[in-house]
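Student: Listed below are the residues making up each chain.
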Amino acid sequence: MNFGDLDLNTVWFILIGVLFTGYAMLDGFDLGVGALHLFTRTDEERRIMLNAIGPVWDGNEVWLVTGGGALFAAFPEVYATVFSGFYLAFVLLLVALIFRAVAIEFRSKQPMRWWRRMWDVGFSAGSVLSSFLIGVAMGNIAWGMPLDERHEFSGTFLGLLHPYALLLGVTTVALFMMHGAIYTAMKTEGDLQERVRGWINNCIIFFIICYAVTTMATLLYVPHMAARLRANPWLFSIALLNMLAIANIPREIHHRREGRAFLSSCVAMIALMGLFGLEMYPNLVLSHPFPEHSLNIVNAASSPRTLGIMLTIALIGVPIVLAYTVSIYWIFRGKVKLDRMSY
Amino acid sequence: MDALLLSRIQFAFTTAVHYIYPPLSIGLGVMLVLIEGMWLKTGNPLYHQMARFWTKVFALTFAIGVATGIVLEFEFGTNWSTYSRYVGDVFGSALAAEGIFAFFLESGFLAILLFGWDKVGRKMHFFATCMVCLGAHFSAIWIIVANSWMQTPAGFHIAGEGLAARAEITDFWAMVFNPSSVDRLFHTLCGAWQAGAFLVVSVSAWYLLKRRHEEFAQASLRLGLIVGLIAAGLQVVSGHQSAVGVAANQPAKLAAFEGRYTTRTNAPLALFGWVDEEAQAVRYSVELPGMLSWLVHGDTAGEVRGLEAFPPEDRPPVNVNFQLFHLMVGIGFALLGLSLVSTFHLWRGTLLRKRWLLGLLVLAVLGPQIANQAGWFAAEIGRQPWIVYGLLRTSEGLSKVVQAEMIVGSLILFGFVYLLLFAVFIYLLNDKIQHGPDAADLQPSGKLALPFGDRS
Numbered sequence: 245m246n247f248g249d250l251d252l253n254t255v256w257f258i259l260i261g262v263l264f265t266g267y268a269m270l271d272g273f274d275l276g277v278g279a280l281h282l283f284t285r286t287d288e289e290r291r292i293m294l295n296a297i298g299p300v301w302d303g304n305e306v307w308l309v310t311g312g313g314a315l316f317a318a319f320p321e322v323y324a325t326v327f328s329g330f331y332l333a334f335v336l337l338l339v340a341l342i343f344r345a346v347a348i349e350f351r352s353k354q355p356m357r358w359w360r361r362m363w364d365v366g367f368s369a370g371s372v373l374s375s376f377l378i379g380v381a382m383g384n385i386a387w388g389m390p391l392d393e394r395h396e397f398s399g400t401f402l403g404l405l406h407p408y409a410l411l412l413g414v415t416t417v418a419l420f421m422m423h424g425a426i427y428t429a430m431k432t433e434g435d436l437q438e439r440v441r442g443w444i445n446n447c448i449i450f451f452i453i454c455y456a457v458t459t460m461a462t463l464l465y466v467p468h469m470a471a472r473l474r475a476n477p478w479l480f481s482i483a484l485l486n487m488l489a490i491a492n493i494p495r496e497i498h499h500r501r502e503g504r505a506f507l508s509s510c511v512a513m514i515a516l517m518g519l520f521g522l523e524m525y526p527n528l529v530l531s532h533p534f535p536e537h538s539l540n541i542v543n544a545a546s547s548p549r550t551l552g553i554m555l556t557i558a559l560i561g562v563p564i565v566l567a568y569t570v571s572i573y574w575i576f577r578g579k580v581k582l583d584r585m586s587y
Numbered sequence: 002m003d004a005l006l007l008s009r010i011q012f013a014f015t016t017a018v019h020y021i022y023p024p025l026s027i028g029l030g031v032m033l034v035l036i037e038g039m040w041l042k043t044g045n046p047l048y049h050q051m052a053r054f055w056t057k058v059f060a061l062t063f064a065i066g067v068a069t070g071i072v073l074e075f076e077f078g079t080n081w082s083t084y085s086r087y088v089g090d091v092f093g094s095a096l097a098a099e100g101i102f103a104f105f106l107e108s109g110f111l112a113i114l115l116f117g118w119d120k121v122g123r124k125m126h127f128f129a130t131c132m133v134c135l136g137a138h139f140s141a142i143w144i145i146v147a148n149s150w151m152q153t154p155a156g157f158h159i160a161g162e163g164l165a166a167r168a169e170i171t172d173f174w175a176m177v178f179n180p181s182s183v184d185r186l187f188h189t190l191c192g193a194w195q196a197g198a199f200l201v202v203s204v205s206a207w208y209l210l211k212r213r214h215e216e217f218a219q220a221s222l223r224l225g226l227i228v229g230l231i232a233a234g235l236q237v238v239s240g241h242q243s244a245v246g247v248a249a250n251q252p253a254k255l256a257a258f259e260g261r262y263t264t265r266t267n268a269p270l271a272l273f274g275w276v277d278e279e280a281q282a283v284r285y286s287v288e289l290p291g292m293l294s295w296l297v298h299g300d301t302a303g304e305v306r307g308l309e310a311f312p313p314e315d316r317p318p319v320n321v322n323f324q325l326f327h328l329m330v331g332i333g334f335a336l337l338g339l340s341l342v343s344t345f346h347l348w349r350g351t352l353l354r355k356r357w358l359l360g361l362l363v364l365a366v367l368g369p370q371i372a373n374q375a376g377w378f379a380a381e382i383g384r385q386p387w388i389v390y391g392l393l394r395t396s397e398g399l400s401k402v403v404q405a406e407m408i409v410g411s412l413i414l415f416g417f418v419y420l421l422l423f424a425v426f427i428y429l430l431n432d433k434i435q436h437g438p439d440a441a442d443l444q445p446s447g448k449l450a451l452p453f454g455d456r457s
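For the protein sequence lines, the chains are A and B, in the order given.
In the numbering used here, each residue's number is its place in the first sequence (first place is 1) plus 244.
In the numbering used here, each residue's number is its place in the second sequence (first place is 1) plus 1.
Keep in mind the hints are simulated off the structure, nothing from the lab.
There could be a bad hint or two in this list.
As the list claims (entries may be wrong) - Among the chain B residues that face chain A by a calculated CB cut under 10 Å, a handful are:
#, residue
1, I21
2, S94
3, A97
4, F104
5, R167
6, S411
7, D439
What the hints assert, rightly or not - Here are the simulated lysine-lysine pairs, BS3-like style, with alpha carbons at most 25 Å apart:
#, chain 1, residue 1, chain 2, residue 2
8, A, K579, B, K57
9, B, K57, B, K211
10, B, K57, B, K120
11, B, K120, A, K581
12, A, K353, B, K57
13, B, K124, B, K42
14, B, K433, A, K353
To be verified - Partner residues aside, some chain B positions facing chain A, computed with beta carbon under 8 Å:
#, residue
15, V72
16, L96
17, V409
Computed from a prediction, not measured in an experiment: that's the story for all the values here.
Ideal Cβ positions, reconstructed from N, Cα and C, are used throughout, including at glycine.
Next up, chain A with everything else stripped away, as it sits in the complex (with noise of 0.2 Å):
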């Protein structure tokens, strides 16, 4: 198949793009509300907090899995020499979605005090560790990691806490808090919803800061991070496309139109990745301090027969995949109630 000026290699590192904005958007907001969780005040209000992503956090965590089968397929290089150097900070991503997954399904089954906070906290702290981890692997993979010419990476853990990649992670938090407080005002009303009117602007303020900071250190310490940016000033656009999504989220909050700041918050994450997925490609992967030992879409890819496979197969599920999901969104939409069968 082909897409025109497009090859399979350069379809597949837009699709998997593709699948990690799907995950931001959608998992975003679930781990923007674990984020938030602690800052509600009664049981009835956390037990809405739950129930607002109740039906939907695990069909958005299956983006990630999906990501992470079809970078296995695609680019077999990239997946193993992610996780095997990223092994610890992994190991603790895989734990914190554990707690975050299990606490929402266990939390409101017993009544006992020291249970339900036992599960808000493994629920809020996996949230929040989750969305940071995910932050410092993109500040890493921009950054560049100690790769060798058999693309092993051949740094140490502590050696990927250096200050962007922490930068990016405190980011991430940000900006998923931002966006499941949004989605926890579409979700809610009356007392709740006002007092997450207020968490939205401070979410909003904090964003914003860690934001400007990201950019200028960028501009700064990580030139090829902007190298196309500056070489192609059309780009700008998007930048631009970014910013006015951001500043509309306050405008449409003040309107009471929770459902367009939430949208307006989709497409800055789309630009946001947009322009990641611009400054990277080709390379999926940087190498610091050796470039050409960088991963990009054709060393790092599987063969030409697999990724015409593999697209096929996303052809044929991933339309189903989207009308169903649309579905699901459809039928659990409006505010959350709470009955029998909720969290």
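Following the hints, complete the assembly by docking chain B onto the known chain A.
Tutor: What follows is chain B alone, placed relative to chain A:
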């Protein structure tokens, strides 16, 4: 301990704990489809009550299955990255297909199954339950395809040389339908159906012994026992087919299962025993002469290859495999016998008076669990020393950059978390069982309470 052993222990541990849950989800999924189907057909509110109760149990197993399963998806990369580089082109496709075709389907419709009771009509809810069940089966298909390719690789060629060599797909469908995938899928699914059915049977039998929720328990027991009996019967067929396949495709594995060292015709079948690996003989065993040859070839004159046909470095561990395999087979036949006797008494209407039989049925929930674990361990240990049979050794698949100390750390962490999850699972499951079905569920609410055809 070195990184190889630690990585193997970690993978075995995380897989074994995970594998408690997916078979339950698959088997309970089938039970839920049957129960809701009966409700749609008869309109008897008892089936609605059953669907509600078993859905709650299903939700519990599903949540832990998802949480423990995500680890496995990433563990190939973290601990077995050399293997991942070698097989990604082939093996990765199956995992990605599992995500797209199975996980999205399962998790999407799970929302309706769990939370949609009052939001959608009966038929839509039944449809969602069917889709969750189908998704669980799709997941089994793709993961068994991936694992079977490691057992009997097909539809690929080796590209590149030396350290850069890797397997690449040449024929996708030959990879999917590799020589062992259909047999092993059927075998695994029969085990999963038994796991779900015998959980239902066990809980129901316990209620009957305690004289609680008797109407509910009788209806559940009947349905569970029928599914359990059918699955146990099919399991004998699928087990036989799998063993014939192993004899043809992985003769060293079959030889280890049976403790056969010498290649011979008229090979006997050991019912039990203890393999003395030093002396290369099976001790304390009762053997049926010629039976193994007959089972494999349909003819006692058929030749069965022994371990002597393989160099020592290509042989799997023998006694461990022998014991695991015989444990699995023994439990399989015991479950078949138990289902036959129980179904007979159910048909005669005498089951409720046979308290010893109800007691056995309460314990029967452990049968499929132990057999599934033993079977999975036998399949994987029997593949040793290969990670991909005949192509790549397990010792060659490790991540080169991961140190033993790091694996000790992750193993302790996973060990702690998984044991905690298991304890909470047992605690909540017990709590659910003690609480029993809700009397209020005999009265469907919301849209479900509407008569058929009325969608307003």
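Student: Take the hints in turn and mark each one as holding or not.
Tutor: Evaluated hints:
no. : hint             : in the structure
1   : I21              : 14 Å, violated
2   : S94              : 5 Å, holds
3   : A97              : 4 Å, holds
4   : F104             : 4 Å, holds
5   : R167             : 8 Å, holds
6   : S411             : 4 Å, holds
7   : D439             : 8 Å, holds
8   : A/K579 to B/K57  : 24 Å, holds
9   : B/K57 to B/K211  : 21 Å, holds
10  : B/K57 to B/K120  : 17 Å, holds
11  : B/K120 to A/K581 : 12 Å, holds
12  : A/K353 to B/K57  : 11 Å, holds
13  : B/K124 to B/K42  : 11 Å, holds
14  : B/K433 to A/K353 : 9 Å, holds
15  : V72              : 5 Å, holds
16  : L96              : 4 Å, holds
17  : V409             : 11 Å, violated
The structure shown violates the earlier hints numbered 1 and 17.
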